[in-house]
Every structure is written in structure tokens, then in C-alpha cells.
Amino acid sequence: MAAVLESLLREEVSVAAVVRWIARSTRGSEVTALTRPQDNPGEAAALSSLRPLRKEFVPFLLNFLREQSSRVLPQGPPTPAKAPGASAALPGRPGGPSRGSRGARSQLFPPTEAPSTAAEAPLARRGGRRRGPGPARERGGRGLEEGVSGENLPGAGGRRLRGSGSPSRPSLTLSDPPNLSNLEEFPPVGSVPPGPTGTKPSRRINPTPVSEERSLSKPKTCFTSPPINCVPNSQPSALDTSPWGLGLPPGCRSLQEEREMLRKERSKQLQQSPTPTCPTPELGSPLPSRAGSLTDEPADPARVSSRQRLELVALVYSSCIAENLVPNLFLELFFVFQLLTARRMVTAKNSDPELSPGVLDSLESPLFQSIHDCVFFAVQVLECHFQVLSNLDKGTLKLLAENERLLCFSPALQGRLRAAYEGSVAKVSLAMPPSAQAVSFQPETDNRANFSSDRAFHTFKKQRDVFYEVLREWEDHHEEPGWDFEKGLGSRIRAMMGQLSAACSHSHFVRLFQKQLLQMCQSPGGAGGTVLGEAPDVLSMLGADKLGRLWRLQERLMAPQSSGGPCPPPTFPGCQGFFRDFILSASSFQFNQHLMDSLSLKIRELNGLALPQHEPSDEDGESDVDWQGERRQFAVVLLSLRLLAKFLGFVAFLPYRGPEPPPTGELQDSILALRSQVPPVLDVRTLLQRGLQARRAVLTVPWLVEFLSFADHVVPLLDYYRDIFILLLRLHRSLVLSQESEAKMCFLNKLLLLAVLGWLFQIPTVPEDLFFLEEGPSDAFEVDTVAPEHGLDAAPVVDQQLLYTCCPYIGELRKLLALWVSGSTGRSGGFMRKITPTTTTGLGAQPSGTSQGLQARLAHAFFHNQPPSLRRTVEFVAERIGSNCVKHIKATLVADLVRQAESLLQEQLVTQGEEGGDPAQLLEILCSQLCPHGAQALALGREFCQRKSPGAVRALLPEETPAAVLSSAENIAVGLATEKACAWLSANITALIRREVKAAVSRTLRAQGPEPAARGERRGCSRACEHHAPLPSHLISEIKDVLSLAVGPRDPDEGVSPEHLEQLLGQLGQTLRCRQFLCPPAEQHLAKCSVDLASLLVADQIPILGPPAQYRLERGQARRLLHMLLSLWKEDFQGPVPLQLLLSPRNVGLLADTRPREWDLLLFLLRELVEKGLMGRMEIEACLGSLHQAQWPGDFAEELATLSNLFLAEPHLPEPQLRTCELVQPNRGTVLAQS
Amino acid sequence: MILTKAQYEEIAQCLVSVPPTRQSLRKLKQRFPSQSQATLLSIFSQEYQKHIKRTHGKHHTSEAIESYYQRYLNGVVKNGAAPVLLDLANEVDYAPSLMARLILERFLQEHEETAPSKSVINSMLRDPSQIPDGVLANQVYQCIVNDCCYGPLVDCIKHAIGHEHEVLLRDLLLEKNLSFLDEDQLRAKGYDKTPDFILQVPVAVEGHIIHWIESKASFGDECSHHAYLHDQFWSYWNRFGPGLVIYWYGFIQELDCNRERGILLKACFPTNIVTLCHSIA
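Residue numbers (this note's numbering), protein chains in the order written: chain A, 9 to 1243; chain B, 385 to 665.
Please keep in mind that the hints were generated in silico from the structure rather than gathered at the bench.
Among the clues, some could well be false.
[To be verified] Here's a subset of chain A near chain B, in silico, CB distances under 7 Å, partners left out:
1. F449
2. Q450
3. S1045
4. G1063
5. V1064
[What the hints assert, rightly or not] When the alpha-carbon atoms are kept at most 25 Å apart in a straight line, the in silico DSS-like pairs for lysine-lysine are as follows:
6. A/K898 x B/K577
7. A/K469 x B/K577
8. B/K573 x A/K523
9. B/K573 x A/K1006
10. A/K469 x B/K411
Virtual Cβ for every residue (Gly too), placed ideally from N, Cα, C.
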């Protein structure tokens, strides 16, 4: 490879030829390099000899560049970039020197180096740097290094990116840089790195067949690093400990520890919300100092050392990028940005001999000899990728356009960028913090009828509450340092899952789980979120309440950290962590299975959704408005799909993932044999193929990538998935951005696909060689063959907001630039956010069952030339009206039938007597009578749809819609709605009637039973009533007080005034006449209390306030009060009054204690009761009769007998009362109230 | 009447082992004249119930029951008209109504062959005339009318108060033209948990979205509020989103800490309700 590069540098070969040569190699071998006419024979000859090495060229180039830049980008960017290499590689950034050394060694190039490194990088940084030296350097060390001019070795140190790896990956590969360089890269602390000379060897090209070791060496276990590298896939990621250890002298032990820490850290991060708390603090302290102390080296175009050579390499490099020969476009851009913003050369690089620009032959001399070189190179590359740059978000563009180095090195590019910035509308907005919102209860799916038993229903009720309780607890605690999900919630979750016995309960719970997942993680809140392309309005933020603001502010501060470098591992940011941990803690086989079923179903459904397709012919004006909606809809669908697919991948591959290294050799074979038998949880291959054919890659691929990102190590080795990867690779290669293929795929769509695919290729479980190995038997994609004229791919469905939402790591670019501006690692850069798709509902407006025949085709044709919104409107209206129609039928026809059923049932009950016969039989009779009426439903439904649909369509379409279009749309809507409604009704109406009647029957039968009294007709208040009467509770309480006074015990000064009693009864009357606040139990108690009160009056037991002589109520007053009571009983109580209690032994017995006994009030009362018709004589006689059976003192019994005889003997005269007093001696004297 | 925790605790402090009689209530009112009576009563009742819950067990050991019963018997033999049972309850610091139930149960066990069912006991407590023994009937009745924290009458009063406030709330909603579904309607639709009212169109109160309103005719102290949160409010939130709880007799200010989370507390019907405006475009 080096040879190629060298010949290039020597100008023996042209760049174009080299690129063709490489591309061919990757694309397919039929055309040999030599055959192309353009190829200069000499070039061809030079290259052809190198042919076997062709596919290693790109990895080599990448590694070469990384290595070369290691001096400049020694340490990772301050950002907690995960991409070790990349960020680490950046030398200069803050803390430049000191860091540099450490950084360099630790992770120069993220990619190859190993994922592990990458992952560790952040940790190391914050905590104790990974290798011993690290820490020292970081703080104090930096000064040291700065001082030392010459130490650092350039190339060697930097680990080469995966690039280096690449070579290695094939067995022959060139040196695999990382290992070799390790020593140099990681010198013991404090030690000055060896001189440049020493280093050189390492970066040397000699192709050592180290690949094996190499592979081991890279710690693949961690996701973080972008592994492009070389390891042959067969032994993907061994737990590299040993190799690594060997490689790194001082650090190895600590490395282990670090890895451990990292693991913990990572798991913590996974659990945490999107804004991990950790980063800020760490960054905080070091940064400021760094910023302050460093001075950036100015870059000067005039001092570039070997222009020509740099230009050439830049050109080759750019071409590789443009042709998608590199695995990850954005990673390369990141690297280039790092070069652009490099602060200083780590070491002064001993003055190289070859100062003269012309001399640069060979690779022997370092490519980047100064900051000037780096910047020059970077600008060269950027110039070639203006198109990509111009499609970045506005913030990044601004930073780029304002970058003084860029201005200095290429005013032209700067000018174009400025123009692009000014024209850009691609603001990427912040999302609102996703506040947890519960899935609302839906009576249609959640009511009792949808459960197999009452028990299941109630269990689910409890589960819902437990689920949210757990969720709330998680929200409260998951950011606390010592909190652990499993410890805190695990047992509760398992207990809850344990209750889900019935299979149907599982599906209910899974539905809840999935809905909550979508609600919390995919679109925050729906309502308040910012809309695409609009930055959050400061004013509105100010308007919000304090807490909300705080939250947002906090989120902003933390956000920069949330994505981990340009190639972060798949994570579960924010709320997703909850769902992930829930699944883990639940560890329920049934739950997982139901969840996978449900996720698969939803994915299929969303993936197949008929999203609008772009009609280029649309006039611009209105189509713009429409496209806002289309785009938003697409974004919602895409984000939902990605979320669901991520969880599906997570659950589906869960059983196969573990911390242990992937199997090798025979073990692997047997596992492969076994696994290849297992059908995939979702047929993603077919979905991918169909998606490609239908030109819907832009929808299908992003979610597929999410799904695959959770695959275990074995997956890529399975034929089924290998096919998928190969398809994806071909797709990747075919997405050449510079090709004007707008008709096939929009630029941003491509960019999205490149970004997600690039990310996928960096995931540790994806074998690194996969990317470079692919010899692409069939070159071009066959996609073109079947493609419909306008697929989704051709529609401008992706915008920057969506791009950045799906690929937050692209935001790392902006962070780099922002860091450059701020001169420190400031936290200024929280740009990445989630999108807030505002519409969550209404996705489902799919055409209902197809009406067949010509009419359907006509309708289809009708829509073809109309704006897509028209179709959606019609479908939406049809869907809603159809559904409303069913509800309407339920509320009218069915409800009528139910009423009929009730009255029929009443008749039955009357004729058959109380029991009414067997309920099941009754039901059958009723249904046989009523169900035939269901036939009317269809006619009614048709009529309903006819009546309702046109208006709705008219209201929703633009006023200016031509009349003919409008009426067609209306008719189609009517047809579709009718079809939908009638299909449902004809299938279900009978069952529905049956169900409702059944419910009514059981209701009626139940009501028959226990409380017939409650059904009594009740009068309301009079119309003039203003509801000012005293409250029933107050009255009960007042009467209770009187009763307690009467019953005692009481203080000597306690008593009631007669006026108070009168007032009380007056109030009671008011309350009873105003029914507003009266409930039956209160009325019952009032009735009971009034009877008690009457008994006490009769027995003269109420202590009266006033002069001592008058300790008892005057007889006249007592009668007046009794009269009031009688009138209340007669006129005002609507419920039954237990008057018979007046003659209960207990109440009558109250008289026994009075001395002398007075019977006249009782007699008076009895007569009045009879007279007012409150009690019958017979009833009273019966009561009196039973009184005799009680045990009484002798004299009392006699008197009682007298009373009873007297009462019975009385003729039915209207005025008997005069004689009552003679019943007993009215010996009023001292009758003490009993106390 | 929103109290700070300190204010509340001052009141609660005065209620330690005070018998639930009308005399106690009167004294309490004199002690805190500035607080509303209803609030005081509600706090009193809750504190007393907490106290009873704590000590309930010790009154229900068979030894305790036996000893109470014997004391009761001895007492009524001496003087059936004296408040034997009531005094006993006060003496051992137990609620009179509950003491009455205890003795009644014991009495029936002795006089009937089969153990009395709960519903029989309840029915006798509601209407002591049904108690076969006249003396016991009077004693029980006396306990019940003198107990201001337990017993069928008190239960009825509480129930009535709750109902009245729901009605009040309904009227206020109607008056404000806020359409709602009430508990009965919700139940009929198959909802598994039903707040008093669900607003058909949400409103905002003090910047918080309200989907449902629950009326509580009691004072919101920590204990009851946490129980309500667990059994009701969060369940409502889980199904219907954020909502409003009205503690008509006030609450401890510090408990109103879930506003951001979606549970807003008020001590009266909110005055500043913001409704969704249908702009006339």
C-alpha cells in the first residue's frame, strides 16, 4: 500500500487512476484496472503489480493519516468522545501537549484502536487517566511537555486508526499499528517519548502478518471505538486483555482496572437519562486551566511545508471519502475537523531535514510537519466536500464559516460556506425534556370486556399502577449516585410480572409497555415541543415556569456530553434506560416473547405505512406547506421505528449476548450450525429487500441499523444476516453523494443512510473486515431494476433535524468547532437534541380494505394527480367517520335495543314472579327477539356515512379545491367510510347486541335483588330552590349532639334551649326540601335520628337550658316539636322513616325511667301517626302487642297495658287527645333526667 | 386552610390521647379559635384514628376483651343507668363505638350459639333497638352518640360531607361551563379507576394542566395524603394524566410538592382556571 502511496507521491500515478483502481477493487473485479481507456498504461502497470493489495489500500491510507497526525492530535478531544481514536487523535486541543502524549497513546485513532480504548477514553480522562502516565500529564504534565519541544514521536505514537487495522485485517496486512506503537505511544509517565526517528519504524509500512494478534489486541468488547480495522472477522473481539497488556508496558494493569471502571461507567450511562451527570464535573476542572494556559499555534498558509504532497494525499483521501470507500463518512470529517482545529504540534518535531517543500518524496518524512500542514490538508479535503458541509446544520455552518483558519487558507471555501450559512434554514432545535406522561386509559381496549376474568382485569389494574410507581421511582432516583435499578426496583418488577398469569394479561401489559415506550422516548410530550427547524423561542422559555426552565437549562448544560464522540456505542439514553432495565430486571421469558411479538408487529405495520411520495410536479407554494406535514409524519414514523427496532434487537439478541469473548473454532461452528436453524424474530432480510426494491431504503435502513446494532458476535456470521450486511454494504457504496441522482435519492436521505451505516460499521460486533473484505461480486445494486418511478427515497423526507436526531454523533463536528472557538473544552456546545415530532397520532390513516374493481382503480388514479394531502385527508375522514358510525350505532340502535330488552325483561319478571327464571334462558329469549333488529344497522350506518363524510372532507380540504375534485373526494370518502363501517357492523353487530343485552340483563337482575327501595322515585328540589339549606352532614352532626346530651353523660351546665330544638327541626325541613346535597344514606340517618329525637321528647329526656325549675320541656313545646316532626315525616322525608322504632322496647323503655311517668305524649304521638297515615292502627297494635312480651317492671307493664287498651279502645275520632292526660296521674314534679 | 407543617404539628400535639368527645372538641376550638372548626374536627378525627390504629391491637387480645367484658358486667350490675361502657372506653383510651362493638360481640358470643356475623353486628350498632339486652342497647347507644370519631353516625356524617362536596364541586364545574364525566359515567364505561370528575377538555390551573379533579372533604395530612397518592391520585395520573385534588378542609403545605409531576393540591375550587381557547380564525 505504501508503495501505491509513494508512487502517487512521486507522481508516477494520477490520483484519478488510483481512485479508480481502488474503487474497482472494491466494487467488482470484472473490469480490470488496465482496461479502462483513461488509464494511462504506465499508471496501470504500476498499479497492476500491486493489485493483490488493492483492498488494503483504504485502510492503509486511513491509518497512515491517523498515524501521521498523531503528533498533532495527541489527545482526545476534551469532549468525552467515545471515539477514542478520533478525538484522541486530535492533538492539539486543549491541554495539547500534555494530553497529547497521553492522548496519543491512548487513542489516537479511534477507529482501529480498539473500541475499547475508545470507550475508555472518556473515563480515563476523567478519572485517572488510563495509563499511569496519563494523569500526570494531564495536569502537571502538560506544562512539561510543552516545554519539551522535541519529544513526541509523531507517527508512531498516534495509533493508527483502524486504518492501520485495516491492513492487518487481512492476514497479510501491513503492520498493524496500534500494537507496535504501543510502547512508544504509551511511554511511562514522565518519560519523554522517543525521538522521531525512533518512532518512525512503527508507522512503517512493513506488512507484518500480525493480524491475528492484532485482532486480539483490539478490545472489541467495548462498543466505543470505531473499529474499522482489520481484524479478521473470524476472531472478532477476543478479550484482548493479554495482548493489550503486553503491548502496553506500564499501563496494562491499570488498563484492566480501567476497563472495569469503564464497564461500570457505561452501564451507568446506559441507565441514565440522556444527560448523564458525570461529564460535567470532570470536564470542568481541567478545562479552564487548559484553556487559559494554552496558546494556539497560529496557522499560516505560507508556512506549509510540502504542499504538493499534501494536496495529493488530500485528493486521494477525499476521493476515497467521496466514493464511500471509507466506512464512516462522518468519522473522516471529524478527523479532518480535528486537523483543522489542531492547536499545536505536540512536539516540535526535531527539525526535519527536509524543510524544503520540494523534497518530499517518499513517505519517510512526516506528512504533517506543522500545524500549517494539518490545516492545509484539512482545508484541502473540506473543499472537496463542500456539498456535505453545506448540508450540515446551521450552527455548524456558522462555526465553520467563522473559522479564521479556514478563511486564511481558503477564502473561496469560506465564502461559499458563508453563503451556505446565510441561506440555510437548517436549525436543529432542542427538544423539550421528555416528561413522563402516562398512557391514557382507553375504554375500548382496557375495559373489563377485554379481559378473560375479573381477576385478570383487576390484576392488570394493579399492574398498571405498579408499573407507573416503578417508573416514577426511577425518575426520582436514577440519577442519584448510589442508586441501582435492580436493587431498587428489581424485586417489585418481578413480583408484578409474576402476577401476569394469563397470556392475555401479558399482551395487555406489553401493549402498555410499548405505548409508554413510544410516548416517552420517541416524542416528548407532543404538545410543547419545538417544531422542526425552529429554534426554541427564548420568550416562550421565559414564560414557562421556573422548574421547566431549570430543567431545560440543565439539559443544555449536560447535553454536550450525551453523545459519546463520533462513533458512540448503541446506548439507551434517557428514559430508554428505564425500559431496558425493566426488561432486564423482569427477566421474564413470557414478557420478552410477547414484547417481541408486539414490537415486530408494530414495526411491520409502521414500515409498511403508506407514506406520501414526493410528487415533483407539485406547485411549490402549497406543496411546501404539505411537505412540512409529510416530513413530520415521516420523522415520527422513522423515529418510532428506530426505537421499536432498537428494543426488538435488544430483546431478540439478549439471550446470545454476554461478556465473554465470542467463540472461535469448533465451538463457533457448532454455534453457527445451531443458530442458523433459528428463524429470525422478524424477517428483516425480506423487509430490507422489499424496502430497497420499493425505494424506501430511507425508511427501512435506519431502523434496521438500530436493530442490528444489538446483534451479538455470531450474528454477522450467519448466512441470513450476512446477506443483510452485504446488501447494506452495497447500498453504502452506491450512495455516492456527488452523483446527481436526485431522482433516485435525495441528498439528505443519502446523508442519513451514510451516517447510520457508517455508525453500524463501527460497532464492535460487526466484524471489521466486513467492510473492506467485501469483494462485491455483483457490483451495482440491483435496486434500479424494480424501482417504482418515485419511491420514498426520492422524496425530501429527511431534513437536518431528523438527521441530527437519528445521528446525534454528527453533532460532534460542531462541538469540535465550538471548542476551537471557545479555546477550551467549554460546555458551550450542547447542540444535539432529540427531535420533537409533534404529531404522534394519525399515522394510521391507511386506506381501508381495498375496494375492488374499476372503481378502486379509478379512485386510485384520481389520487395520483392530486396532492398527497388530499388522499390522506380522504382516508382520514373515511377512517374516522367509519369508526364514528359504529359508535353512533352503538349509542342509538343498540342502546334502544337494550332498553327494549330491559322492559321485556321487566315484563318477564313480573309474569314469572320474583325469580324470573334462569338468566341464561332469559338472555336467549331476549336475544332471539332483538338480534334480528341488528340488520337495520347497515342501513343506518350507510346513511350516517353519507350524511357525515362530505362535510368533513369539505372542511378539511382547501377552499379552492375545484368542485369536481371536491365532490369526488367526498364520494370516495363516503364509500370508504361506508365500507369500513359496514364491514365491521355486518361482522359484529349481532355479537355486540348480545353482549350489551347480556350486560343489561345482569344489571337488571342484580338491581332486582338487594335494594328495591333505592329505586323509589325521588323528587328534586323545587325550581326556585337556591340550595341554601343547611347541609345534611351539619344537621346529622347537630342532632347527634342533642342526642348525646340527652343520653348523657353531660356537664351540669349543658343543655339545649327549646328554641334551638325548634330551629333545628326547621332546618331539617329545609334540608329535606332541598335535595341538592342529600344522599340516601344521609337521609336514612336523619330519619333514624329524628325518630330517636321524638322518642326522647316523648320520654321527656331532653335536658333543657334555662332556669333550673324548668329543667324539662313544657308540654306544649314538646307537642309543638312533635308536630313538626310528624310533618317532616309526612311531607318531607322521601325515604322510609323507621317509625316503628318509636314503639321499640328500648325507646318505650325510656319512659320507664321517668318518674312520674307521662304517657300522654306517647298517646298523642300514636294518634297523630295514625291520623296522618304514617302508621296504620294495625301496625301500631302489633307493635304494642310485642311490647308486652318484653320484660318490664311490674307497674310499668300495667301502665303500658292501660295505654295500649286505651289506644285500642279509641274510636276513630278526630280529636281524642283531650282525654289522654287522665291516663296517669299527671304528677309533675321532679323528674330528673337520667344521667 | 393551608397549614404549614409546623402549624399542623402544633395542633396535632394538643390531640395526643384526648378522648373523642364533644367536650374535647369544644376545648380544641377554644384553643385554636382562628382555625375553622371543620378543619380542626378533621384533624382531630384523623389524629385519633391514627392513634387507634396504633393501639388497636392491644384492645383485641382475648385477655383484654375478657377483662373489659367483666368490667362491663360488673358495672351494669351495680348501676345499669350509669355510663359504664363509655367510661370504660375513656378509661382505657379506646374509641367508645369500638368498645361498644367489642362488648357487643362478646355479649352475642355468649348468648347466641353461633358467632354473630359482621352484618348483624353492624345492623345492631346502627339500630341498638335490635340488641336483645335492653341495658346493653342503651349502653351501646350512649357510646355511639358520644363518639365523634367512630361509629355509624360519624361514618354517615363523613360520607355525607364527602357527598356534599362532590355536589358542590359539580355545581362549580357546571357554573364554569366545564364539561366532565363523573364517577358513575366512568364506571359505566368500564374505567377501572375513577376520579370524581374527568374533564372532557383539560384546563390549566396556575400553569398546570388538569385532566381530572378529586374532591376530598377532609384535611390533607401526611398519612392520608400518602395513602391517597398511592391508592388513588397516582392511579389517576397513570390513566388520565395530571390532575387536581381539592382538600376542602385544607392540607399541609409541604405536601403540595408533586405539582410538576402532575398532582396539584388546592383547598378550594381554583379561581383562575385557564381554558382552551378556540380561536376564531
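Hint check results:
1. F449: Given a least distance of 4 Å, the restraint on A/F449 holds.
2. Q450: Constraint on A/Q450 not satisfied, violated at 9 Å.
3. S1045: holds, 5 Å
4. G1063: violated, 13 Å
5. V1064: Violated, about 13 Å.
6. A/K898 x B/K577: With Cα atoms ~24 Å apart, A/K898 and B/K577 stay inside 25 Å; holds.
7. A/K469 x B/K577: holds, 8 Å
8. B/K573 x A/K523: holds, 22 Å
9. B/K573 x A/K1006: holds, 15 Å
10. A/K469 x B/K411: This hinted pair is violated, its Cα atoms lying about 45 Å apart.
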